[in-house]
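Chain residues, written in single-letter form:
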Amino acid sequence: MITPHLPILEVVLPLVSAPICLILRSAVVAWWMAVALTWAAFAGALMLLGEVLNAGPITYALGGWAAPWGIEYRIDLLSAFVLVTVTAIGSLAILFARAPVAREIPADRVYLFYVMYLLSFTGLLGIAVTGDAFNLFVFLEITSLSAYVLISLGSDRRALTAAFRYLIMGTIGATFYIIGVGMMYMMTGTLNMADLAARLPGVLHLRTIDMALAFITVGLSLKLAVFPLHFWLPNAYTHAPSAVSVFLAATSTKIAAYALIRIIYTVFGGPAVFAPMPIDEMLLGFGMLSMIAASLVAMFQDNMKRLLAYSSISQIGYMVVGLSLGNVEGLAASIVHIFNHAMMKALLFMAVGCVFYRVGSVRLADIAGFARRMPITGAALLVGGFSLIGTPLSIGFVTKWFLLEGALEKGWWPVAAIVILSGLLALVYVWRIVEAAYFRAPAPAVEGIREAPAIMLAPLLILAAINIFFGIDGTLTGDLSIAAAQALVGTSP
Amino acid sequence: MMLLPGLFNYWLVVVLMMIGFYVVIAQGNLVKKLFGLNIFQVAVFVFYISMGKIEDGTAPILVDGEPVYTNPLPSVLILTAIVVGIATLALGLALAVRIRNAFGTMEEDEIDAAEADPS
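Top to bottom, those sequences are chains V and W. Quick note: the first sequence, position 204, residue 203 per numbering that gives the first Met the number 0, numbers continuous. Quick note: the second sequence, position 2, residue 1 per numbering that gives the first Met the number 0, numbers continuous.
Misleading hints may appear alongside valid ones.
What the hints assert, rightly or not - From the derived model, a few chain W residues whose C-beta atoms are all more than 10 angstroms from chain V:
{"id": "1", "residue": "V62"}
{"id": "2", "residue": "T69"}
{"id": "3", "residue": "S74"}
As the list claims (entries may be wrong) - Taking beta-carbon pairs under 10 angstroms as the criterion, some of the chain W residues facing chain V (in silico):
{"id": "4", "residue": "L29"}
{"id": "5", "residue": "A101"}
{"id": "6", "residue": "D108"}
As the list claims (entries may be wrong) - Okay, the calculated beta carbon distance ranges per label pair:
{"id": "7", "chain 1": "V", "residue 1": "M276", "chain 2": "W", "residue 2": "I85", "range": "28 to 36 angstroms"}
{"id": "8", "chain 1": "W", "residue 1": "I24", "chain 2": "V", "residue 2": "P56", "range": "20 to 28 angstroms"}
{"id": "9", "chain 1": "W", "residue 1": "I24", "chain 2": "V", "residue 2": "A453", "range": "45 to 53 angstroms"}
{"id": "10", "chain 1": "W", "residue 1": "A101", "chain 2": "V", "residue 2": "W412", "range": "47 to 55 angstroms"}
{"id": "11", "chain 1": "W", "residue 1": "I85", "chain 2": "V", "residue 2": "Y437", "range": "49 to 57 angstroms"}
{"id": "12", "chain 1": "W", "residue 1": "K52", "chain 2": "V", "residue 2": "L205", "range": "18 to 26 angstroms"}
{"id": "13", "chain 1": "W", "residue 1": "V96", "chain 2": "V", "residue 2": "R449", "range": "33 to 41 angstroms"}
{"id": "14", "chain 1": "W", "residue 1": "D108", "chain 2": "V", "residue 2": "L420", "range": "36 to 44 angstroms"}
{"id": "15", "chain 1": "W", "residue 1": "D63", "chain 2": "V", "residue 2": "T58", "range": "32 to 40 angstroms"}
{"id": "16", "chain 1": "W", "residue 1": "D55", "chain 2": "V", "residue 2": "G410", "range": "51 to 59 angstroms"}
{"id": "17", "chain 1": "W", "residue 1": "A58", "chain 2": "V", "residue 2": "T207", "range": "24 to 32 angstroms"}
{"id": "18", "chain 1": "V", "residue 1": "W412", "chain 2": "W", "residue 2": "D108", "range": "41 to 49 angstroms"}
{"id": "19", "chain 1": "V", "residue 1": "I22", "chain 2": "W", "residue 2": "D108", "range": "56 to 64 angstroms"}
{"id": "20", "chain 1": "W", "residue 1": "Y21", "chain 2": "V", "residue 2": "M210", "range": "14 to 22 angstroms"}
Since the hints were derived computationally from the structure, they do not count as laboratory data. Don't be surprised by glycine CBs; every beta carbon is placed ideally from N, CA and C.
Work out the full structure: start from the sequences and follow the hints.
Written out as structure tokens, the structure is:
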């Protein structure tokens, strides 16, 4: 009975419960509600994925209005895959959040944290399920506005300025996106993505459509933090509360990558649009710049959270390069990296959150030698680090493999070389953390600390297990993303 | 359709948008930045409403003898976007107040100086 309404329930349940938490004003109730809802959303996402695998894409007409006029929710393999990724992170991050939130955020504001968390979660799920270009903007803003609030809850006053800068940049990005959508509407008279995809080929030669694609690409790249548009990201992730860094680093840029794939491939028809408008070359260039430049900056950071933030920008480069290759392998690399990067970054930020919970600092000098006192956290950090580098048997390797395959299929040796070089640079900055954690003499603050509490370790260990499992056997995620990529590029399997 | 009168609204949109964008980039005061951002968004609202307008079209109400009416959809979309814009402005101003309380200033260069100084 519920099953046909699953797509809308995924979005509506967290949306409705956010104001309920606000009215109840209780941190405990809010946390339990958030846990129940995120796990329910995760179960729903798995059911949807199963259904999509069995019976193909699901469409849901909102309010019973048929597709081109009403808002349509459309879940294909890519949406379901992203939905599972986002809900998995959401449900693990909320378990992790309780202890650090209680410590880092004033007690009278803790319930507000969970309200914002649920709203941000709603927005992310909405982006994944919607099949309407304007609806996507609304959800993008729901998730961004609540993300600004979440970041501003950081205890450092620099969290406020970080949130403010993110607000300015994020709003410009979203506004660029609606300018582009408006231009598409002018030329086609529709906002439904499937309908747009059917009508755009007829008007692809018009300059208005060129401009639409340009505005949308730049707007989403701002949200995605591709290299020259990344300035909001490092401060936002560094000064946000630990739990927020985990949640946002693993989801918000990933969902922007999803939106970009959706617009370029589903709406504009992917490779067909690259010939008249070479945005693939542009994205390829900026993606490679992201990989290298951000890794170089990350190598010189003394703050672990800032180091990981720059490494995020470099990993975003992989997704951008993957989708700009325009072949199945490249796109599959982008899609699988949405999952992989979400898992590895959530793991790393959680490990850093555990360290911060015990030591009270994230500077490399202050946390030296912590791994001897916190062996589980240290080991988890190591697993995440290997994934970041992309060594064999880690999930980072799955992405790299697809990416290299995609680049070599096109005969683009330099791209392959840059991908490998970026992995080597990752080795340098991961090594700096590992060296500080394991081989340096313990810092004064590290003396006498204990392992993090069990409620923080449980999600950490689950994520570490996911990182190891899908690294050793990447066929499940790999096959899913290849199937999703084939559906998008339009070649039959 | 003549170039200037027919496209007047779009020229207005371009000018407004650039004014807003310039203010966001050039102004150091956080509140002025937010107002620039708001002007930038308003330009987009004008853009949407202009594209729905049909010459000699009336309000989109079904009455006899008025067959030509303006496309209501862009206006409805912009209602949503206005709500988003207000939420953004309100949140931005709230952040600006908190920043002023924390740093004692709303000028970007002074905030940057305060941030660089590890206290």
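Here is what the structure says about each hint:
no., hint, result
1, V62, "22 angstroms, holds"
2, T69, "14 angstroms, holds"
3, S74, "12 angstroms, holds"
4, L29, "7 angstroms, holds"
5, A101, "4 angstroms, holds"
6, D108, "12 angstroms, violated"
7, V:M276 with W:I85: 28 to 36 angstroms, "34 angstroms, holds"
8, W:I24 with V:P56: 20 to 28 angstroms, "42 angstroms, violated"
9, W:I24 with V:A453: 45 to 53 angstroms, "49 angstroms, holds"
10, W:A101 with V:W412: 47 to 55 angstroms, "51 angstroms, holds"
11, W:I85 with V:Y437: 49 to 57 angstroms, "51 angstroms, holds"
12, W:K52 with V:L205: 18 to 26 angstroms, "20 angstroms, holds"
13, W:V96 with V:R449: 33 to 41 angstroms, "40 angstroms, holds"
14, W:D108 with V:L420: 36 to 44 angstroms, "37 angstroms, holds"
15, W:D63 with V:T58: 32 to 40 angstroms, "37 angstroms, holds"
16, W:D55 with V:G410: 51 to 59 angstroms, "58 angstroms, holds"
17, W:A58 with V:T207: 24 to 32 angstroms, "27 angstroms, holds"
18, V:W412 with W:D108: 41 to 49 angstroms, "46 angstroms, holds"
19, V:I22 with W:D108: 56 to 64 angstroms, "42 angstroms, violated"
20, W:Y21 with V:M210: 14 to 22 angstroms, "20 angstroms, holds"
Of the hints listed earlier, those the structure fails to meet are numbers 6, 8, 19, in rising order.
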